[in-house]
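Enquirer: Position chain B relative to chain A; hints supplied.
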Amino acid sequence: MKASHVILLVYLLVSVFGAGVCAQTKSMKEMKYGKVSKKDFSSYTPSDTAVAAVFLKKKGITYYNLGMRGNITVESEYEFRLQVLRPEGTEYANVSIPFFRDQRPGYVTERIYGIDAVAYNLVDGKVEETDLERKYIVEEKVSDNVYVMKFSIPNVKPGSIIEYKYKFSSNNPFSLDAWKIQEDIPVLRAQYDLHVPEIFKFNISSKGGRYIERKHSKGNSQMTVIGLGGITRDILTDCYTFTSENVPPLKEEPMVWCKENYRCMVDFEIRAIDIPLDVPAYFRTTWADVCDELKLIDNFGRHFGMRNPLREEQKKLHLDPSLPVAAKAMALRMMLMSYVQWDGEYSLFSDISARQCLEQKHGNNAMLNFIYLSMLKDAGIKATPVLIRQKTMGDLMGIRPSLENLSTFVVGIYDEKNKLMYTDCSIPWCSLNLLPPQLMANLGICFATEAEGTSYTSLADVGRHYQNILVQSEISPDGHLKGSFHATYYGCSAFEHLAWKEQQKDSLNYVQALDRKYEIKVNTFKSELKDGSYTDFMDYEKQLTTGDGVIYFNPFVVDKDIENPFFAEQRTMPIEFPYKYVKKFYGVYKLPEGYEPESLPQPIRLKVEKGGAAISCIVQQKEGSLMAMLDLKVDKTVFPANRNVELRQLWEQLINMSKLQIVLKKKAL
Amino acid sequence: MKPLALFAGWILWLVCTVPAPLRASVANPEIPDSLKRGACSVVRDYSVEFVQKSATGGEAQFRKTVTVLNAEGLEGATFIHVDGHFSKLKKFKGGISNSQGKQVVKLRRSDLKESTLSSGLTSDSHTYYYECPPYSYPFSVTYEWTCDYSNGMLVYPDFYPQISYNQSVQNASYRLSVPGNVDVIYRSNRIGKTPEVTRHGEYKTYAWTGISLTASHPAYNGDARSVVGYIESEPTVFECDGYEGRQDTWQNFGIWKNKLLQGRDNLPEDEKQKIIAMTRDASSPVEKIRILYDYLARNTRYVSIQLGIGGWQPIDAATVCRTKFGDCKGLTNYMKAMLAVAGIPSVYTCISVEEKRLCPHLPGVHQLDHAILCVPLPADTLWLECTNAYLPFGYVHSDIAGHDAMLVDDNGGRLVRLPDYPDSCHRQSFHTRMQLDAQGNMTGVMTHRNAMRYYEKTLSLLSMNEKQRVRELGGMLQGNPPRISSVHVTERKDSVPQLTCRFAVMGQCGTVNGNRMFLTVNPYRRRPSVSPVASHAYPLYLTEGSLLTDTLEVLLPAGYVPERIPKPVSLTQPFGTFISNVTVRDGRLLVCQSMLVRKGTYPREMHALWNEFLNQAGKADREMIVLLRKEGES
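Going down the list, the protein sequences come from chains A and B.
The opening residue of the first sequence carries number 1 in our numbering; numbering runs sequentially from there.
The opening residue of the second sequence carries number 1 in our numbering; numbering runs sequentially from there.
Worth double-checking, as some hints may not be accurate.
Within a straight-line C-alpha distance of at most 27 Å, the following computed DSSO-like cross-link-like pairs (lysine-lysine) qualify [what the hints assert, rightly or not]:
#	chain 1	residue 1	chain 2	residue 2
1	B	193	B	356
2	B	619	A	584
3	A	251	B	88
These are computed hints drawn from the structure, not numbers from a lab.
These numbers were taken from a predicted model, which means no experiment stands behind them.
Bound conformation, chain A alone (with noise of 0.2 Å):
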């Protein structure tokens, strides 16, 4: 990011040096930086004996600089006390600060300095302190421009009291770091002050769900514009306090696609600039600005719009103008198939052209995306690219323009209704309405169009996915079944189950691991994949076990191996599904000549409270034949972490019912 000429700007509207501070409040003093008390030790019992640290406070301050040279930086400093309480805790005295450094002039670069942190410990009833060594301290390099700073506290132990305190420089003053909250070990007291002159507007976002105390004044910052005519104007600072208590911890939890989403933290966007006594100059603030930027960034800009690399090549496909949008977006699709794959990366930007990609053969998904919407416009179909954040990355905000958190694109389509169609062409396969599961974002930005400006979507609930396995089978009255066996996945159900395929390296591995599977041996086996499903066509065979003029018969041949993900009684953050999907069993059995079955189940059905998740499972014979039925319906990708406990009961139940043993009898005479 080049921030050099921004800054002359208020260069040469500034008169006066220096940057003011508001006045403090005084709710952190009693914690003050160096003084700790054999008080402090015992200040602090947790209620859950687990925690390994705990910080007791968290303090920041972020203030604007104006340099001799005119040059304005960002300056904060941080302090830090912790308590290690467990041994495990010991870790939190090995400190990283990863920082920015592009020393080119006029590139952004950050500092860390003023590093200073002690360890206190209660010895024989007194307080004993033990510096950090200069030599404890270094810079490491991680890649290009990104470095770390790293020290090691000595003398820390379980029971130990750390303070710890930085100051960190920047020379961009329209970036600023959030300032997060929670951490993974609980935070006592966290309070965070701002300073920015008024003239830098910012959009503040709390994040996490939690209550954030914000107080906001303002204060002096020392600086004068001068405007034409030798008029004046004081510039005044926004002072704003954040402040917040007693933050429990921040732990991994299973099915959440980013943590970050729900951490609690302040989060710091620049919107505008807003000099008195001239224009204000905003930034980004509709989608529209975000996407004319785009177009400016040579990456993206050089791309979008171009023309067709196969317009020769599409020519001859012929392609029939009367077939419905669809069919002709997918024969696109196939030809792009043939001449380009996607390597394996996802972005917004392409550092090489259409031809390169073509030569190369391989691409990532937005150079693929871009050849493939110069082929859409030359077939005279209106197509725009829809900006995403890989939904690993954490959530994009609709009220927040900004490109810093785009992180790819798919390509949306028109149908003769103005109806969106979705597809990535990291996708290797020919299906429309169909993404993988990472971005299926909950917020899509429609490309602006001078026409149409921008619009947002959801890709979240995109495309159909489902498994449907249908069996038909006879069982002979020595309780041996044998029958065929159809298994169909569509949409991601597929890509999930040929990732699984090919784990099995091999056909033969994959019909051995089919019998562990289903507990079935597979005789002959074929599969098919066309339309964006995949289909397994078996015959297969089992000894059922049999008892004194019983056979014992469980009708759901399904994944032995199911697993209920929702065992822990409790959890904090939403459980998120990666799309909504059916899986569907239904199996038809002819029974033994003389045979019947002792008794059939009730039908069940089951649902979460308000609704999302669905089991449904029917036994019903018919004539000489039995049909067995069981469905699992999720239709809803996010739900409250309070539905934990209905999800495993829906599980439990899921998994029983999948184990469920009908006894056949011989009729009586």
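Expert: Same frame as chain A, but now just chain B:
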């Protein structure tokens, strides 16, 4: 025109006049089918040429050309070079060529990415890497680089032509030119050749040439290194950061290592007095050691600092005493110093957590990556893990139990073998006592015991709260875990450590249909996974022995009698036994199962037997128990 230019001109003419198809094959000659089999990339040419110029340094030239056949092979074309205090990357160049042999990308040193990030606090290692971007397959990438070695020649540049099992090697060579008075010792895997040794004046050259390696398969439980070809070599005499030494024998290598320990065991006077005071009233030497080991656990932590010879030399005891942190060497040396103050002699010990057996003819740092402390006592020898002193006193943990180690003292190095435990000591059990109602619901208590290696694996339960424990225990159970509550964890922290979890369980255990209830013999046990067919090319490696025992006592609902009870299962194989027994007596169902796995290396033909063994055990777990409600009972 100078002769060299003339020659170059002739080559240019030849290239330009050769017909196109032939030119392609010159640029990218055929890869034999045998090398394509199972390969995702092929190392076409790899050479390492090292010249030792002094006792402490030299120069090595590397050249590598890899043809990437498909996307999976891309990783095999990555360039990684790590240097530090003892070596520096001097030159680098390279290029990417398409399948016609035309260079499409030229690589310079500025194309390399750099990182100095270390996993600990700091080290002097500096990583250069280049992640080769995908190109139209097949394509080739060539790297040429030169490296300067200085400050010490403890090892020679290693020769790893193959970086993974799915890479084959067409032609590779390794040449070491060393002063005539230096002998080279080495070990190799899959190379199958001895070096040709020639003399040129004052230099001796060890050359391995014409090395070709086929791609292989991942091994089941085997370590990844065992399936690739490599040569590791080192001089018998060396100098490192001013410390001269010999490594022709383990004894001589130990003499050098002992030099690094000299003068590093002094403790401040007040610390000595503290140690004396702490141990004064101890009833025995073992008691003294225990007191100091506990002191180490309560006061120190692991922090890694690897700078220069500090990679092999411990931080002095006084510094560790002051900072209360250190790496394995520093903490071991500190403990040794404390024991010395208490009048207890101990021996600094080098070991590998990766390699169980130390190669007898290649002494040196190649095989050693950890330090522990040996405390010889009249009755027994104690092995102290000072890096994690929270482990039970006297327990030899599973990363080192049964491993070879080098004791270091004034007499030099001496190889010993640490004690190992019988397979049956690594025991994990689930004992469930439950009551079943007529709807198949159960309530009960489960006791989960974990001894030795399983103790280590479940140790984290001690530091968890109830919510975390419920999640952890639920995850250990297969299928439909019961609801878990009231978890109580106890630890037996002695030389045979055990962690016991006792918790309440409830949930549906049986399915009811009509007059019958159906139960599964062992619904919760997770068994080892079968070995994939691809690994059957190698012997069957069972690296961990264990005894898994499960008992289930079920008080049956009134009126239910057994209709079907699975027959007993008893399997006996060289690698293990499995027993499953189900009985019903006086309204109580009793399931007893045990599986003993004997660690070892078994012939590759045994893979099928092993898989069958696991399948049979799994089948016995899933066997069905049928209970019948007697007429007249509700």
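Enquirer: A separate judgement is required for each hint: does it hold in the structure or not?
Expert: Consistency of the hints with the structure:
no.	hint	result
1	B:193 with B:356	holds, 24 Å
2	B:619 with A:584	holds, 26 Å
3	A:251 with B:88	violated, 42 Å
In the structure shown, a violation is registered for the earlier hint numbered 3 alone.
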